[in-house]
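Asks: Put together the whole structure using the sequences plus the hints.
Protein chains in written order, with the numbering used here: chain A, 1 to 113; chain B, 1 to 112.
Any given hint might turn out to be false.
What the hints assert, rightly or not - Taking beta-carbon pairs under 10 Å as the criterion, some of the chain A residues facing chain B (in silico):
id : residue
1  : S1
2  : V3
3  : P8
4  : Q37
5  : Q41
6  : S42
7  : L45
8  : T48
9  : E58
10 : P85
11 : D100
12 : L110
None of these hints come from the bench; they were simulated from the model.
All residues carry an ideal CB built from backbone N, CA and C; glycine is no exception.
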Amino acid sequence: SAVISQKPSRDICQRGTSLTIQCQVDSQVTMMFWYRQQPGQSLTLIATANQGSEATYESGFVIDKFPISRPNLTFSTLTVSNMSPEDSSIYLCSVDDGVDEQYFGPGTRLTVT
Amino acid sequence: QKEVEQNSGPLSVPEGAIASLNCTYSDRGSQSFFWYRQYSGKSPELIMFIYSNGDKEDGRFTAQLNKASQYVSLLIRDSQPSDSATYLCAVNIRGGADGLTFGKGTHLIIQP
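Replies: Structure follows, in structure tokens:
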């Protein structure tokens, strides 16, 4: 399976600021996804990051709050904008390996104060 | 709303026994089904996936799918203390290379 890295691994941010999370894959992949895991909860899909086109957002998530870039087939970023304490979560990127199996990066643990 | 349901547990199983984890899903058109293991503070790790009705075995793990009953299960044979984790059931509702809908997970404890 692909090797996935994320930066930063964790951060503490002040409310009202923004944080950009990077996801790097060691091989070219078509589909990349961003998920959120709130404390004590399961994973919720935020959006699908498509190379060469706009990201596709799930219900309840909007581009102004979670802008996503996908400049090439090995890299994507998720920005959490105008943060509030409710945005404190683990943010995970995942990739589809081409046979509909998804593998996750190590996650970014975000705390908003 | 598309849902994936799991018993949150904790499910306590003696070492060496079979652990049985269950999951139901609401969307009858769901295409593929996944089991992930998540240790505390770590990201989910893919254990198995299944697309067709019946059983699929991989080492100590067996996934079972019954589309008519909208039911997926994971059996872990010869349970080890290292199997203690949260097990997440995930469903690809829309098919193809698409995002997954996750259940809330079952916390499994293997008692030595």
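Asks: Classify the hint on D100(A) as holds or violated, based on whether any CB of chain B lies nearer than 10 Å to its CB.
Replies: 6 Å, holds
Asks: Under the criterion of a CB-CB separation shorter than 10 Å, is Q37(A) in contact with chain B as hinted?
Replies: 9 Å, holds
Asks: Given L110(A) was flagged as interface, is its beta-carbon under 10 Å from a beta-carbon of chain B?
Replies: 14 Å, violated
Asks: Does the closest beta carbon of chain B sit nearer than 10 Å to the beta carbon of V3(A)?
Replies: 13 Å, violated
Asks: With 10 Å as the cut and Cβ atoms as the points, is P85(A) at the interface with chain B?
Replies: 21 Å, violated
Asks: Would you settle whether the hint for Q41(A) is holds or violated, based on the nearest Cβ-Cβ distance to chain B being less than 10 Å?
Replies: Since chain B brings a Cβ to about 7 Å from Q41(A), closer than 10 Å, the hint holds.
Asks: Tell me if S42(A) is really an interface residue toward chain B, meaning its C-beta lies closer than 10 Å to one of theirs.
Replies: 5 Å, holds
Asks: Next item in the hint list is T48(A). Is there a CB on chain B closer than 10 Å to its CB?
Replies: Holds, because the Cβ-Cβ distance from T48(A) to chain B comes to roughly 6 Å (cut-off 10 Å).
Asks: For the hint on S1(A), just tell me whether its beta-carbon gets within less than 10 Å of chain B.
Replies: 8 Å, holds
Asks: Take the shortest C-beta to C-beta distance between P8(A) and chain B; is it under 10 Å?
Replies: 15 Å, violated
Asks: Close enough to count: is the Cβ of E58(A) nearer than 10 Å to one in chain B?
Replies: 7 Å, holds
Asks: Going by Cβ atoms only, is L45(A) closer than 10 Å to chain B?
Replies: Since the shortest Cβ distance to chain B is 4 Å, the answer is holds.
Comparing the model with each earlier hint shows violations of hints 2, 3, 10, 12; every other hint is respected.
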